[in-house]
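Asks: As you go down the protein sequences, you meet chains A and B in turn. With the first letter of the first sequence counted as 1, position 20 gets the number 20 in our numbering; the numbers rise by one all the way through. With the first letter of the second sequence counted as 1, position 88 gets the number 88 in our numbering; the numbers rise by one all the way through.
It should be emphasised that the hints constitute simulated quantities derived from the structure, not laboratory data. From a predicted model like this one, the values you see are computed outputs, not experimental measurements. Accuracy of the hints is not assured; some may be wrong.
[Unchecked claim] Listed below are the simulated DSS-like cross-link pairs for lysine-lysine, each with C-alpha atoms no more than 25 Å apart in a straight line:
hint, chain 1, residue 1, chain 2, residue 2
1, B, Lys256, B, Lys134
2, A, Lys19, B, Lys5
3, A, Lys416, B, Lys5
4, B, Lys85, B, Lys104
5, A, Lys442, A, Lys484
6, A, Lys235, A, Lys19
7, A, Lys394, A, Lys326
8, A, Lys24, A, Lys302
9, A, Lys235, A, Lys262
10, A, Lys188, A, Lys19
11, A, Lys235, A, Lys150
12, B, Lys104, A, Lys394
13, B, Lys5, A, Lys442
14, B, Lys85, A, Lys484
15, A, Lys394, B, Lys134
16, A, Lys262, A, Lys326
17, B, Lys105, A, Lys17
18, B, Lys134, A, Lys442
19, A, Lys416, A, Lys484
20, B, Lys104, B, Lys119
21, A, Lys150, A, Lys262
22, B, Lys201, A, Lys442
23, A, Lys188, A, Lys24
24, A, Lys153, A, Lys24
25, A, Lys17, A, Lys157
26, A, Lys235, A, Lys157
27, B, Lys85, B, Lys134
28, A, Lys235, A, Lys24
29, B, Lys134, A, Lys484
30, A, Lys336, A, Lys326
31, A, Lys302, A, Lys326
32, A, Lys442, B, Lys256
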Amino acid sequence: MSGLEGLIDPGSPLYEKRKGVYPKAVDGFFRRLKWVVMAVTLAIYYVTPWLRWERGPYSPDQAVLVDLAHRRFYMFAIEIWPHEFYYVAGLLVMAGIGLFLVTSAVGRAWCGYACPQTVWTDVFQHVERAIDGDRNAQVRLANAPWGFEKIVKRVSKHGVWLVIGVLTGGAWIFYFADAPTLMRSFLKGEAPLIAYSTVGILTVTTYIFGGLMREQVCIYMCPWPRIQTAMLDEKSLIVTYKDWRGEPRTHGVKKAAEDGLKTGDCIDCTQCVQVCPTGIDIREGAQIGCITCALCIDACDKVMTQLGRPRGLIDYCTLDDAAVEKAGGTANPILKTLLRPRTLAYLSIWAAIGFAMLFSFGQRTRLDLSVQQDRNPIYVQLSDGAIRNNYTVKVRNMEARPRTVALGISGMDAAKIWTQDGTRETAARSVEVNVAPDSVLKVRLFVAAPRNGPERQPFELSAQALGSDEKGDSDATQFERPEKEEEEE
Amino acid sequence: MVENKRIDEATGTQTVGHEWDGIEELNTPLPRWWLLTFYACILWAVGYVIFYPALPMLESATRGVSGWTSRGQLAAEMDAEASRKTTITAAVAGMPVELLASNKKLMQSAIEGGRAAFKVHCVQCHGSGASGSKGYPNLNDDDWLWGGDLATLDYTITHGVRNPDHNETRSSQMPAFGGVLTNAEIASVVSYVRSISDQQKPDTASARGAALFATNCSQCHGTDGAGGREFGAPNLTDAIWLYGGDRAAIAQTIRKSRFGVMPRWDNRLDPVTIKMLAAYVHSLGGGEAAPAAVPATAAPDVRP
């Protein structure tokens, strides 16, 4: 029963209420950098689906479009078919290794600047400040009893948050359909249910994650901080409180000096704690709650400047540099920290995958042939003594225009081919098929050859688009005949 | 227990108060919302038990107030599939079978429908690949006893072959020559039949057989042995042998005759399914394009 005991024991409960975090507004280099990153990432998110890209009459003109219904992915000049999904997988692998690279070089920069959770939380906090006021006003309002002002402020704040949630989900759906068309039908209430439910779900998750949960997402829900703790090493940049310089932190410096006490640079003003969006005290050292947004650096630098002391009591610093500085030395130049075997290894892997994909992208053809021999029956005895084999042929026309494709046989000189639309009388060495734009033609192909020959004879079928010197495609297969014994009795 | 709680020096965190062989647990409290999520999941589970079949009882599980069953879901999906197909079946029903191939898309739908029906009704004799076996025609080839165009196939499937209780069935009967011809005469006819199908060189036996063939066999099989579709008489000059083309098999056929039977399907399948079966068989590679309205009785002998 000790579990229940723990639940009801007020001394040390097994669960706890979230501690409110009311980050104070701050200005400085890193805050401005965050503004820029926020502007760029939000602009990419909201503008991308509206970019147009002309692809002719048979394909959509949206620059970036994930067309799930037709299983196509468009990205500017690139069109990806489902069987080319390895490009997307490659991009995901690059994104993963890119995160490794960034983490080993500059620590949790992704968390601090570019992660959607960080960006949207930032937006939500700015809204909160605009409505409730800065940190102190927020704390006052939180503790105030419910009254007219508090109700108005709460309603308007959560209202704006929900609007932001709707806009977030609203932008997302435009990646999956023609944006202007969807926008019109969405506003008229004629869009598919999935569009509304997607917007609804994303509205709720945005509101909950950005407005209510915030740092709880980073600390309890996101696996990435855990992975990063394993990725970081003593040469990774992390936000560091230089305790050897700051300690002993002293609140009343003058009085302490009069008392003859040793004083550090830290005046215990707690500005670094007040601005922290995750509500941690960076002076306790590196911790999983620190997303390295560097706002505490801005806050501390401002205080140090006012006090006429050098900036950087809290600063980006590696564990190695911290040890060197603690011992009285000077830190390594930043370039030397960034360029080290580990980062270079990540960079080379990342670049190698990128170049491999570029190379394969340059080599890919837009006409694809795959031939499968029908196995039931393997061969058919024809009345004139010849043998026929059947094949299921798929011709992929990956260009956005209809094309006539010549299917030809190479090898087996006496063999003739025809399709389900022809007859044996019209059989020839080559047959033409029409393939609709951006689609796959499945055609049944018949191959007839004389009885005399090997039991299994390899040959090739080739596909070549007419009126195009584009490289065609070919596929190897085989022709099967009955066993020899049957012939002699 | 509670009195055992102490502050861990290394982390500054309170322990929960348990101790197992010197191992203690730090109390890092769970966020309250996590606990609430846990309770919400329990509530969800309760709702699930109420709405869906859940608790195993003696006969079956509890029914659940929503009335959902996996069988019911399957039935609903089958119904949806059937109603989805109604437009196709209606279109096939309205299209004369000989014109089916003119609508490529409809023909393709009919072929797929026929493929499914074939797997249920026809594979027992004709095989899953429609390649038949001894006595059961291979439907992939270009040799047809009664004709291989859509209308003829449709008729054959509808009325069957040598169906004893049906007037419109395909019917013909080769006599057993066991008591009519001597063994030596049968051997001569075998030699002749094998010579016209290029299985052996003409010799004196086959020359004797040619005369016997002209007297006894050419009425149905034609003077050249190329068969005739009005009797379903096999073409004896080609490379395809329904019962085997070796001496013993041919001798057996002549002596005892053969009587291949196919059931009529008009009393078991609806006309649309039969049309679809015709389309599927037609698509296997030997389908004949020209609708042969009345097969010529005996083609003029063009063989040298």
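Asks: Need the list of violated hint numbers for this structure, in ascending order.
Replies: Numbers 3, 5, 6, 7, 9, 10, 11, 13, 14, 15, 17, 18, 21, 22, 23, 26, 27, 28, 32, in rising order.
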